[in-house]
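**Student:** The primary structure of each chain is shown beneath.
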Amino acid sequence: DGGITQSPKYLFRKEGQNVTLSCEQNLNHDAMYWYRQDPGQGLRLIYYSQIVNDFQKGDIAEGYSVSREKKESFPLTVTSAQKNPTAFYLCASSLQTGAYGYTFGSGTRLTVV
Amino acid sequence: AQKITQTQPGMFVQEKEAVTLDCTYDTSDQSYGLFWYKQPSSGEMIFLIYQGSYDEQNATEGRYSLNFQKARKSANLVISASQLGDSAMYFCAMREKTGRRALTFGSGTRLQVQP
Numbered sequence: 060d061g062g063i064t065q066s067p068k069y070l071f072r073k074e075g076q077n078v079t080l081s082c083e084q085n086l087n088h089d090a091m092y093w094y095r096q097d098p099g100q101g102l103r104l105i106y107y108s109q110i111v112n113d114f115q116k117g118d119i120a121e122g123y124s125v126s127r128e129k130k131e132s133f134p135l136t137v138t139s140a141q142k143n144p145t146a147f148y149l150c151a152s153s154l155q156t157g158a159y160g161y162t163f164g165s166g167t168r169l170t171v172v
Numbered sequence: 673a674q675k676i677t678q679t680q681p682g683m684f685v686q687e688k689e690a691v692t693l694d695c696t697y698d699t700s701d702q703s704y705g706l707f708w709y710k711q712p713s714s715g716e717m718i719f720l721i722y723q724g725s726y727d728e729q730n731a732t733e734g735r736y737s738l739n740f741q742k743a744r745k746s747a748n749l750v751i752s753a754s755q756l757g758d759s760a761m762y763f764c765a766m767r768e769k770t771g772r773r774a775l776t777f778g779s780g781t782r783l784q785v786q787p
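So the sequence lines, in the order shown, correspond to chains A and B.
Residues in the first sequence are numbered consecutively from 60, following the working numbering.
Residues in the second sequence are numbered consecutively from 673, following the working numbering.
By construction, these hints were calculated from the structure, which means they are not laboratory data.
By construction, the Cβ of each residue, glycine as well, lies at the ideal position given by its N, Cα and C atoms.
Any given hint could turn out to be false.
Stated by the list, open to error - Facing chain B, according to a computed beta carbon distance under 7 Å, are these residues of chain A, among others:
#, residue
1, Thr64
2, Phe71
3, Tyr92
4, Gln100
5, Tyr107
Based on the sequences and whatever the hints tell you, model everything.
**Tutor:** Following this line, the structure appears as structure tokens:
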């Protein structure tokens, strides 16, 4: 079955360390997105990519980096520059030209210890 | 810049009753799409309903309907015959069909269905 796989489900990081969150899709979607969600709040866009080898900053890109070397993969690195990285991270994908059809992964809960 | 506003942080409804979750939006685009998602405590995002800005009729999907008032820039979600399993966070979101074409979300409404 097609879908988005995020791993790991839970991640613990020590302060000052970089950590990479995985997002893989087998839907043949062109566009992929990373969102951050803090407790009791909505989703905020970190980065998005509409095509391989290209990506754009979203609303809260500081302290994060991404790559899009393959259509299926859009990993997110949370760097030590991100001052408050503890949050729930959701990856999504969509057809480039579809009216709707966003698919979300099940999320990664990152905790800084 | 596009913006979504959900003014109800929390709502209570009795089982089997209908409930309306409010959503207003702001955009300068003429072409856009409006979405509602349900997020249970597990964290997954479940798509509920979609309304295009040029759709003349309000969208319906089973017990969900979207009360779309374009002039007022509102896109309220109506859930009929509430069930205990409807208890969750509900998010309104918008995508403009030009520009970055990523979903912008509101802050959400936590709905609790009481027996």
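**Student:** The structure should be examined with respect to each hint, and the outcome stated for every one.
**Tutor:** Now the hints, each set against the structure:
no.	hint	verdict
1	Thr64	13 Å, violated
2	Phe71	17 Å, violated
3	Tyr92	6 Å, holds
4	Gln100	6 Å, holds
5	Tyr107	5 Å, holds
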